[in-house]
Structure formats: C-alpha cells, structure tokens
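Residue-level listing of the chains:
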Amino acid sequence: MAHYKILGKDPYWMNFYGLMLLTLIEVAAVGLDLSDFAASYDTTEKVVTLWILTIIAIPKFIMIAAIFMHLYGDADSKILTLTALFPAFFIIIMVLFIGLTHPDATTGLPDWCRPGTYGL
Amino acid sequence: MSDHDDHHAPQPWGPHDWHHGAPHNSFSPLFLSMGVAISLFGLAAAWDYGTYNPGHIPTILLGLLVVGFSMFIWWRQDISFDGHYDPISTGTPFRGIQVRKVATWVFLMSEMMVFTSLFSTYMRYRLGIENCGTVFERGMFDPVTNPTGWQEGVAVTCFEPASHLIASSWWHLAPGAVNTFALILSSFTVVQALRYAKMPDLDEEARRKKVYRYLASTWCLAVLFLTLKMVEWFVGFYVPEISFIGLHEHDIVSLVDEGYTINADHYQHHSYIDEATGAHMVANIQVSASLFYVTTGTHGAHVAGGIIGLTYMTFKAWKGLYTPANAVSIEYFGLYWHFVDLIWVLVFPFFYLY
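Same order as they appear, the protein sequences are chains A and B.
According to this note's numbering, the first sequence holds residues 1 to 120 in order.
According to this note's numbering, the second sequence holds residues 1 to 354 in order.
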C-alpha cells in the first residue's frame with residue numbers, strides 16, 4: 001500500500017482524478033478541430049492528433065504502473081520495476097524490427113537477403 | 001506459516017487445513033491443464049482445414065467439464081485459505097518478497113509480450129499498407145490523367161482503421177469512451193478494496209461491507225465493459241430525439257452491421273463516394289479489421305477472465321473471508337486488473353481514436 005501523499009492528498013484518489021483528466025483530453029483531442037493548429041506547424045491534423053495521443057498515453061501508463069500497481073513507494077518497488085522492465089529489450093526488438101518493417105520486405109528486399117537465395 | 005507438519009496428509013480435493021502448509025498434493029492444476037488440452041484438441045479437430053466436424057464437439061465439452069471441475073476443486077481448497085501461508089522468496093534478487101507476487105509480475109510480463117506482438121503487427125500494417133482514405137482522395141481511375149486511381153466495383157486492398165467509423169461522431173465513440181472511464185474507475189475500486197481489506201483497525205463487518213462493495217463495483221464495471229463492447233461490435237444503439245439540445249433521433253449502427261468485418265473484401269464507408277459521378281469505392285479491409293478484432297478481442301478476453309476471478313473474490317468478500325492477513329490475494333488480482341487497464345490505455349487511442 002502507498003505510504004506517501006501526492007500534493008498532500010491520497011495518492012489513489014489523485015491518480016484517479018489525473019487519469020480521468022488525461023482521458024478527457026484524449027477524447028477532446030480527437031473531437032476538436034485542430035486543422036488550423038496543424039497548419040501553423042505545416043503538418044496535418046492527423047499527425048497532431050497522433051502526437052497528442054502518444055504524449056498522453058505515456059504518463060497514463062506510468063501513473064497506473066507506479067501508483068496503482070505499486071511500482072513506486074513500496075519496499076520491493078525497485079526490484080519489481082526492474083522485473084517489469086526486463087522484457088523491454090524484447091519489446092523494442094519486436095516494435096522496431098517487426099513493427100517498422102515494410103510488409104513488402106520479403107519480396108522487396110534485394111536478392112541476397114531473401115529466403116532461399118542467401119546470395120548464392 | 002512455516003511449521004509444516006510432514007506427518008499431516010492434506011486432502012487433495014479440499015477444503016484444506018492451511019495451518020499445516022500449502023496443499024502441495026492438489027490435483028487441481030494438473031487436471032485444469034489436462035482439461036484445457038482436451039478442449040483445445042477438440043477445437044483443433046472440429047475445424048480441420050476449414051471443414052467443420054461436429055463429431056468433436058463432445059471432446060470440447062468434456063475438456064470444459066474437466067476445467068470447470070478442476071476450478072471447483074481449486075476454489076474449495078482456496079476458500080479455506082486464511083492468508084497465514086504465503087511463501088517468501090529466499091534467493092537473490094527477490095529475497096524477502098512474496099513468491100506469488102513475483103510470479104504474478106513474471107506472468108504479466110509474458111502477457112506484455114503477447115500484446116506487444118499484436119501492437120507491432122498493427123504498426124507494421126498501419127504504416128505499410130496505404131490508408132483507404134488516401135486511396136480515395138487520389139480520385140477515380142483514368143488511364144491518361146489518373147492511372148493510379150480507384151475504379152468502381154474493383155476492390156482496393158488498403159488499411160481502413162476502425163477509428164474511421166468509431167471516431168466519426170461522439171455517439172459512435174461513446175461506448176469506447178465510456179469503457180475507458182469504466183476501466184480506470186474499476187482500477188480505482190479494486191485498489192480501494194485492497195486498502196480496506198488491509199486496514200488493521202477496521203471493524204470486521206465494516207471491512208466486509210467495504211471490500212464486498214468495492215469488489216462488486218469492479219465486477220459491475222467489468223461487465224459493463226464487455227456489454228458495451230458487444231453493443232459496439234454487434235448490436236448498435238438508439239439515440240432518442242431531445243429537441244431542446246438539438247439532438248435528432250437516429251440509430252448508431254454496430255461495426256459488424258456497417259460491414260466492418262474480418263472477411264470484408266468489398267467494404268464501403270459512407271464517405272467513399274465520388275461526388276461528381278456517384279461512384280462507390282470498395283475496399284478489401286481484411287487485414288485492418290482482423291487486427292482490430294484480434295487485438296481488442298484479446299483484451300476483451302482478459303477482461304472476461306478477470307470477471308471470472310472477480311466473481312469468486314466478490315463471493316469470498318461477501319462471506320467476510322478477507323482479512324488484513326490474506327488481503328494480498330486482492331493485491332495480486334489487482335496487479336492483473338491494472339495491467340488490463342494499462343493495455344487499454346494503449347488500445348483506446350491507437351485503435352479507437354487514431
């Protein structure tokens with residue numbers, strides 16, 4: 001259980017309020033017309049929305065893990081945080097090498113690195 | 001409790017006397033895994049290369065029966081658990097931490113890998129296949145002026161995110177948005193249940209009521225989540241006329257009724273109509289729809305699994321069997337439930353909003 005306060009208040013209630021607020025901003029970011037704002041940065045509204053959603057998802061993720069899942073403030077928080085971060089290496093590999101490769105990679109790659117060819 | 005009595009023979013079918021240590025001779029986990037194996041074998045045999053073979057349905061049912069039986073036995077053994085036996089890790093690096101807590105975290109990290117594979121697949125196809133909206137904006141095919149345009153009646157393979165339908169209006173977005181708030185609220189109620197279960201100076205009846213009510217609230221929110229998911233996927237809903245706020249009577253059609261299905265090879269969104277000619281662009285959206293249903297469905301299956309656990313825990317709380325000594329069970333379940341919330345934090349913006 002949490003043995004600390006956030007701004008002098010109960011951490012679970014504060015976390016709950018914070019998550020609700022961030023979710024409201026998320027929904028508003030999709031519903032509101034951001035085209036003028038996007039144009040001022042020479043980009044599209046969809047790109048601005050994606051940035052807002054990504055930036056908000058990060059603190060939400062951390063708030064749930066740190067406060068609700070007790071990865072902050074408990075005696076065993078440090079080692080459990082390291083345990084939680086252990087698969088990060090594999091996740092980065094998956095996201096970078098699978099998520100960001102092109103679906104045509106197997107046919108679009110040069111001959112020497114396609115399956116069955118091996119440069120021979 | 002460390003005074004393990006080697007001469008004591010705990011009942012393998014429970015209820016169990018926990019003062020003599022954990023029932024290491026429980027048959028339940030073994031039978032449970034056998035039941036899962038039997039039902040999965042039946043499922044695999046029932047659909048052989050797309051051919052449906054109903055003769056294997058009894059095998060599936062037998063497997064589910066064994067699973068149910070094992071869970072019943074497990075429940076009988078655990079219902080007597082008073083929390084005095086919680087093995088503590090003795091080796092580095094988890095020395096002094098409850099073994100079950102570490103195991104829960106390791107389990108959650110394996111779950112994280114499952115969802116990462118789904119997210120990376122989503123990223124791959126979202127970035128790699130041209131968006132249907134972009135294809136439509138290129139305009140209709142013309143051999144001279146627009147050779148890369150789309151043709152009426154010829155399905156274009158492109159990526160059509162579900163958000164194109166879901167985020168098209170506040171009403172379409174409502175089930176997903178309500179679900180987001182419901183999951184955050186349920187994360188809060190489960191942590192409140194843990195708080196009151198662990199509170200040492202609380203009257204027994206007051207503890208029973210608090211823990212039971214917070215767990216029951218979590219159960220209700222989880223059921224609401226799955227109900228709204230079904231509404232969004234299959235049912236749709238009716239919006240009544242409320243004239244003083246300018247709301248007109250209309251129906252919100254479900255995703256399936258909109259044609260957004262995993263086998264949609266001639267999908268047509270309302271906006272994919274050429275204004276000049278009235279021609280419709282049709283699209284093969286099987287990849288994008290499959291990704292949406294598999295990812296959100298896998299998350300939904302985790303919520304359904306949580307409901308099973310919550311049903312048992314709510315019953316246990318109603319019986320007043322949670323005390324500060326055994327409240328860790330709520331903590332371990334809470335870790336799983338917060339993880340389900342954590343995944344939704346990523347699923348909602350990237351599958352529903354973007």
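A hint or two may mislead.
[What the hints assert, rightly or not] As a list, the in silico DSBU-like pairs of lysine-lysine whose alpha-carbon atoms are at most 35 Å apart: (1) Lys9(A) to Lys209(B); (2) Lys101(B) to Lys210(B); (3) Lys198(B) to Lys210(B); (4) Lys46(A) to Lys101(B); (5) Lys9(A) to Lys101(B); (6) Lys198(B) to Lys78(A); (7) Lys101(B) to Lys209(B).
I should point out that these hints are in silico values taken from the structure, not numbers from a laboratory.
Because the structure is a prediction, the values reported are computed rather than measured.
We went through each hint and held it up to the structure:
Simply put, Lys9(A) and Lys209(B) have alpha-carbon atoms about 24 Å apart, close enough for the 35 Å limit, and the pair holds. For the hint pairing Lys101(B) with Lys210(B), the CA-to-CA distance comes to about 24 Å; that is within 35 Å, so the pair holds. Straight-line distance between C-alpha atoms of Lys198(B) and Lys210(B) comes to about 11 Å, which keeps the hinted pair within the 35 Å bound. Of the supplied pair hints, the one linking Lys46(A) and Lys101(B) is violated, its CA atoms being roughly 41 Å apart against a limit of 35 Å.
Restraint check for Lys9(A) and Lys101(B): the C-alpha separation of about 27 Å stays at or below 35 Å, so the hint holds. Distance restraint check for Lys198(B) and Lys78(A): the Cα-Cα separation of roughly 22 Å lies within the 35 Å cut-off, and the hinted pair is therefore satisfied. With a C-alpha separation of about 26 Å, the suggested pair Lys101(B) and Lys209(B) falls inside the 35 Å cut-off, and the hint holds.
Hint 4 from the list above is the single one not met by this structure.
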